[in-house]
Structures are given as C-alpha cells and as structure tokens.
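J.: In order, the protein sequence lines correspond to chains W and E.
Under the numbering used here, residues 1 to 423 are what the first sequence spells out, in order.
Under the numbering used here, residues 1 to 130 are what the second sequence spells out, in order.
Hints are computed from structural coordinates only; laboratory data are not their basis.
Fair warning: there could be bad hints in the mix.
[Claimed, not checked] Chain E residues, not near chain W, derived (Cβ > 10 Å throughout): (1) D8; (2) P10; (3) Q27; (4) L44; (5) V53; (6) E69; (7) N77; (8) L81; (9) T85; (10) P113; (11) I114; (12) D117.
[As the list claims (entries may be wrong)] Below are the EDC-like pairs computed for lysine to aspartate or glutamate, each with C-alpha atoms no more than 16 Å apart in a straight line: (13) W/K342 x W/E106; (14) W/K389 x W/E366; (15) E/K82 x E/E40; (16) W/K258 x W/D223; (17) W/K265 x E/D17; (18) W/K320 x E/D96.
It should be emphasised that the depicted structure is a prediction, and the values quoted were computed from it without experimental measurement.
Backbone N, C-alpha and C define an ideal beta-carbon position, used for all residues, glycine too.
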Amino acid sequence: MNDVAAPFLATDVLQAWTLLPALAETQTLIEALCGRGWEVSRNCQSLGEVIEALQSTDTPPDLLITRIRLPDGDAFELIRRLASIRNAPAVFLISRQQRSVVKAAESLCDAHGVRVGGHADMPVRLTAALPQFDAFRAAGCQRRHRAQRNAPLQAQELEYLVDHGGIRAFMQPKMRLSSRRITGFEALMRGVGADGRVISPILLIEPLGNAGLLMRATLQMFDQTVAFLMDCLNDGIAVGASVNVPLSLISDYGFCRKLVERVEKVGLDPSWITIEITEDEAMSNPALVIENTARIRMFGFNLSIDDFGTAYSSFSQLTKIPFSEIKIERSFICGMESDKSKMAVVSACALLGSRLGLEVVAEGVETRAELNAVIEAGCSDIQGFLISKPVPVPEAAAWLRSLDGERVALADEAALQSWIPNL
Amino acid sequence: MDSSAGNDQPLALIVDDNAVNRNVTGQMLRRLGWASVQVESGMLALEQLRTRVFDMLLLDLRMQDMDGEETCRRIRNDLGLKDLTIVAYTAHGMEDDRERILDAGFDRMLIKPIFLDDLRTLCAHVRPTV
Numbered sequence: 001m002n003d004v005a006a007p008f009l010a011t012d013v014l015q016a017w018t019l020l021p022a023l024a025e026t027q028t029l030i031e032a033l034c035g036r037g038w039e040v041s042r043n044c045q046s047l048g049e050v051i052e053a054l055q056s057t058d059t060p061p062d063l064l065i066t067r068i069r070l071p072d073g074d075a076f077e078l079i080r081r082l083a084s085i086r087n088a089p090a091v092f093l094i095s096r097q098q099r100s101v102v103k104a105a106e107s108l109c110d111a112h113g114v115r116v117g118g119h120a121d122m123p124v125r126l127t128a129a130l131p132q133f134d135a136f137r138a139a140g141c142q143r144r145h146r147a148q149r150n151a152p153l154q155a156q157e158l159e160y161l162v163d164h165g166g167i168r169a170f171m172q173p174k175m176r177l178s179s180r181r182i183t184g185f186e187a188l189m190r191g192v193g194a195d196g197r198v199i200s201p202i203l204l205i206e207p208l209g210n211a212g213l214l215m216r217a218t219l220q221m222f223d224q225t226v227a228f229l230m231d232c233l234n235d236g237i238a239v240g241a242s243v244n245v246p247l248s249l250i251s252d253y254g255f256c257r258k259l260v261e262r263v264e265k266v267g268l269d270p271s272w273i274t275i276e277i278t279e280d281e282a283m284s285n286p287a288l289v290i291e292n293t294a295r296i297r298m299f300g301f302n303l304s305i306d307d308f309g310t311a312y313s314s315f316s317q318l319t320k321i322p323f324s325e326i327k328i329e330r331s332f333i334c335g336m337e338s339d340k341s342k343m344a345v346v347s348a349c350a351l352l353g354s355r356l357g358l359e360v361v362a363e364g365v366e367t368r369a370e371l372n373a374v375i376e377a378g379c380s381d382i383q384g385f386l387i388s389k390p391v392p393v394p395e396a397a398a399w400l401r402s403l404d405g406e407r408v409a410l411a412d413e414a415a416l417q418s419w420i421p422n423l
Numbered sequence: 001m002d003s004s005a006g007n008d009q010p011l012a013l014i015v016d017d018n019a020v021n022r023n024v025t026g027q028m029l030r031r032l033g034w035a036s037v038q039v040e041s042g043m044l045a046l047e048q049l050r051t052r053v054f055d056m057l058l059l060d061l062r063m064q065d066m067d068g069e070e071t072c073r074r075i076r077n078d079l080g081l082k083d084l085t086i087v088a089y090t091a092h093g094m095e096d097d098r099e100r101i102l103d104a105g106f107d108r109m110l111i112k113p114i115f116l117d118d119l120r121t122l123c124a125h126v127r128p129t130v
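Build out the structure end to end from the sequences listed, making use of the hints.
T.: Structural data, given as structure tokens:
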C-alpha cells in the first residue's frame, strides 16, 4: 500500500490557543508545550473572547485547550459555536468533572464534526497530558502532508480510473468465531492509479457519486467480487462475499437487474453474495427502503446492515427489513474490553441480532483483548486487522488457499480454548 | 457426476439446478469423507433413488422443473423411502416456513449458502462414525 503517512517532520509547529481562566498550571503547561513543537499564540479568558477572536482571524489555531466550565458559559456551548466556524480548531478539554461529562463533551464534538485533541483531569499532570499533545501533533502533521499529497481527484482522473480498470476490490476476510473458519470477504473499494498509487475510498466514493460514476464503479466492484467467488467455489472453497451498495443505486431497478444478469451469466447462486447498506440509509425513508431491500432478497442476494449502532435504528423497522446480517461499527469495538458502555452496546446488538436470526459481525477487531470481548458479547463473526487488512484479490485468493481448511491459526491458541470448541 | 467409491464410504445425493453449488457441495463432502452423486433436477433424483441406496439427500427447495417439496413428497410416498435422511436447503429468511417444510417430509433444513461447518455437523449427525 502506498497510502502510508508522510514522515513526521520535526520542523512542523502547531498553533494552540488556551481558554483556561484561573487555572493554576496554565503557565507550566504552556512552557512544556513550547518545548515540544507547539506555539501557544493566544490566551483567552472567556468564551465570548475566543469566539470573537476565531471569527476575526484568517489563521485559526490547530488546537484550543479549554476548561469545561467557563465564567460566561461552558465547553458545550463552545463546541456548538465552533461547529459554525470555518476551519475551527480541535479541542483539548481540561476539567475536574466526572468521566461521563467529559465523554458527553467528546460525543458532542463528534456530533458537530469538531475534532477532539484529548482531555486531562485537574490538577493537570504533565506526564498524562503531554503524550496526548504529542500524538495530536504527529497526527496533525501527517494530516497536513496527506492533504497536500491527496488533493481531491478531478472528474477526468476519476473517469480515467473507471475507464482503465483502476477501480479495484480489496478483500477483507470475515471469520466465524465458532470454528475460526473464513466464511466470507467484504469487497472494499480502492483506486489504483497508473503509477500504482493506492487511492483511499475517502477520496473516491463521494467524488465518484458527484461525477455520476458511482454506478459503473460499483458494478466493476461487483464483477471482481463475482470472479473471486467463482474462483473459490470452483476450487471447492465455500466462501461468500459482500459488496457495499448505496441506497440510491439499490433504488434503481435497472441497477438491480444488472446485478442479477451478472450472476446468471456465470451461473453463480446469488446467495453467495451479500449486499451491504449502511444503517443511516436503512433507517431513512421506510417505504423506499422496504421496497428496494425486499427486491434484493427476492433476487436471492443476502442483505446486511453496515455500521450498525451509529444511526438511530427503529426496532419496528428492523423487523420489517429482511436483513440476514448486522455489522457492528468499529468504533464500538475499539477498546471495548475496558469500556463498560461499549461492552453493553455490543452485547445488546449481538443479542438483538441473534434473536432476530441474524449473523452478528464485529468490525474492526484489531487486538486479542477485543477478540475476547466480542466473543463474550456474543458476536458470531469478526472482521478486522487481527485476521487481515483488506488486500488485492490475488493476494486474498492465495492467502485463503494457504490456510489449513480455511481455518485461521491465531497465535496463543490456548487462551481461546475456553471459548471456542476445537472443531 | 458420480464420485462414489468404496463400500463403507457414505454416499450423498445432491440435487440442485445450480452447477456451481453442486460442485462445491460435492467437494466439501469429499473433504469430510463422503462420496456423492450430483443431479440437476427432482426427476433425475427419483431415477437415482430407484437404482441405488443413499445415506443422505441434499435437496435445493427452489428448482425449475419440480420443486424440492414436491420431490420430497414423491420420495416418501411413491418410492416409500421413509428412513432416508432428506435435508432441504433454502434461502435465508424462510425460518417462518420451517414447519411447512418439515411437514413435507424433510428431516432438516439448512440455510444457503452452505459452509463446510454446516455440512460437518450434518454429516456427523447422519453417520457419526465417519
């Protein structure tokens, strides 16, 4: 993969402002930051002052270090007002509030699209706070370099990719927890430029939609997925695969017919293919979604609800849409072993899914601790870097054949024995 | 297609009008120590069953000429094969029809697509010694 981050440049200096009225450690903190590649260019004393300053500057800071309680308001109001400011800084929260209040402030940032730089409890301990500033600075520098390198693709560049086989399905395997066997793959869209550079989906999917090329690109993904499956099945390896399809395309009868024609042409039973739609789309217009998802099932494809947990599912709608699988969004899986609320959400999703007769896939499983936690929560399958990152089709095909009976050998087998029967 | 062999090797009949499915199911059964005969319709299945003894029948419910339920009824009633294990496989979401399917004479129901683990469990149930 060529989309690795640019090397960290020590000469990059990030700008911070503070909003830390009456905080005893302010000066110590500022001095520590100045020695670590930060420039603290403004110290504000009130919410009103910081908003006014942000509205009148052409060079807003990268980070705003703020208390949660402020003399003329609080960080919640600040976050809301930051959302309407162009190039608003990320926020670093300093408070003596209970953890749930800090988490709520971070969630509000997410909801408003304001980035979170970190948080520290009062009194501020530099040993806990400074690593967070360092991490933010490193990520910020990478983001700058990436932004310079990954300028948005122009319409003709996108067209070139679509016309010349530059849209590629990268395959990420899915493992059944009860047997540790690979039962499927998710096809994830990547662009591969003429120079071999891999283009991330963030730079592809929305721009392809804007350029009117998403249907062609999705069909190319589908074709590659079908070819991959036929190759596996003809070799006696029973695996399925899923393809992400936006609701706008599923709602197009002509598009659905094209999917059917493609599987019929090669004689592939459509039940080997799962169409994934995102939860927020699935929960949008009920009548439209039910009509179109039912049609997908009528044609024999399976149907999965992706990013489960991120939108606002209605229980009644879940029972009306003929899903065969739910995929729990990675943000719930990340670090869930040490987060009781995430554990509760994932367990509840798993229970709901299994009672509805659905497979429940945990996405983004990266560590053994997360693996143990999703098993405990009752998920049926996992996907994530612990098994494999998404890889090009030939690599996925070779990897699958290298396994012993499609079974994944995880290091430290003994730790799993209590959970997984040795089939 | 016939991949049957030795005397004590269990034998399955796979009935599916999709060639890719017949092939992959046959290959998986072979990995599990079973032999199989594969046919593409209910009529051909009846012909096979008149001539040889099978340990298990895997039957796709959604076939063009004679559907799975009708095929199963004829096997039970016309051929009188009351003890043969007959397994239906069908699309996801037909759990509500499970009772009706079992009433048609099937012993078990599998949801498509069928993976190796599904067959392993099934085979262990039908012929535990293999």
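J.: Check the non-interface label on E/D117: least C-beta distance to chain W beyond 10 Å or not.
T.: For E/D117, whose nearest Cβ neighbour in chain W is about 5 Å away, the distance does not exceed 10 Å, so it is violated.
J.: Would the least Cβ to Cβ distance between E/N77 and chain W come out above 10 Å?
T.: holds, 29 Å
J.: Should the label of E/I114 as a non-interface residue stand, given a Cβ cut-off of 10 Å to chain W?
T.: violated, 7 Å
J.: Using Cβ atoms and 10 Å as the threshold, tell me whether E/Q27 really stays out of contact range of chain W.
T.: The claim breaks: E/Q27 does not keep its Cβ more than 10 Å from every Cβ of chain W (closest is about 3 Å).
J.: Classify the label on E/T85 as holds or violated, using whether its beta-carbon is more than 10 Å from each beta-carbon of chain W.
T.: holds, 21 Å
J.: Does the structure keep E/K82 and E/E40 at a Cα separation of 16 Å or less?
T.: violated, 22 Å
J.: Is it correct that the beta-carbon of E/P10 has no partner in chain W closer than or equal to 10 Å?
T.: At about 18 Å from chain W, E/P10 clears the 10 Å cut-off, so the statement holds.
J.: Assess, step by step, whether the Cα of W/K342 is no farther than 16 Å from the Cα of W/E106, and give holds or violated.
T.: With a Cα-Cα distance of about 15 Å, the restraint between W/K342 and W/E106 holds, given a limit of 16 Å.
J.: Given the proposed pairing of W/K265 with E/D17, does the C-alpha separation stay at or below 16 Å?
T.: holds, 15 Å
J.: Is it the case that E/V53 keeps its Cβ farther than 10 Å from each residue Cβ in chain W?
T.: holds, 25 Å
J.: The output says E/P113 does not contact chain W. Does that hold with a beta carbon cutoff of 10 Å?
T.: violated, 5 Å
J.: Does E/L44 really sit off the interface, with its C-beta more than 10 Å from all C-beta atoms of chain W?
T.: holds, 18 Å
Of the numbered hints listed earlier, those contradicted by the structure are 3, 10, 11, 12, 15.
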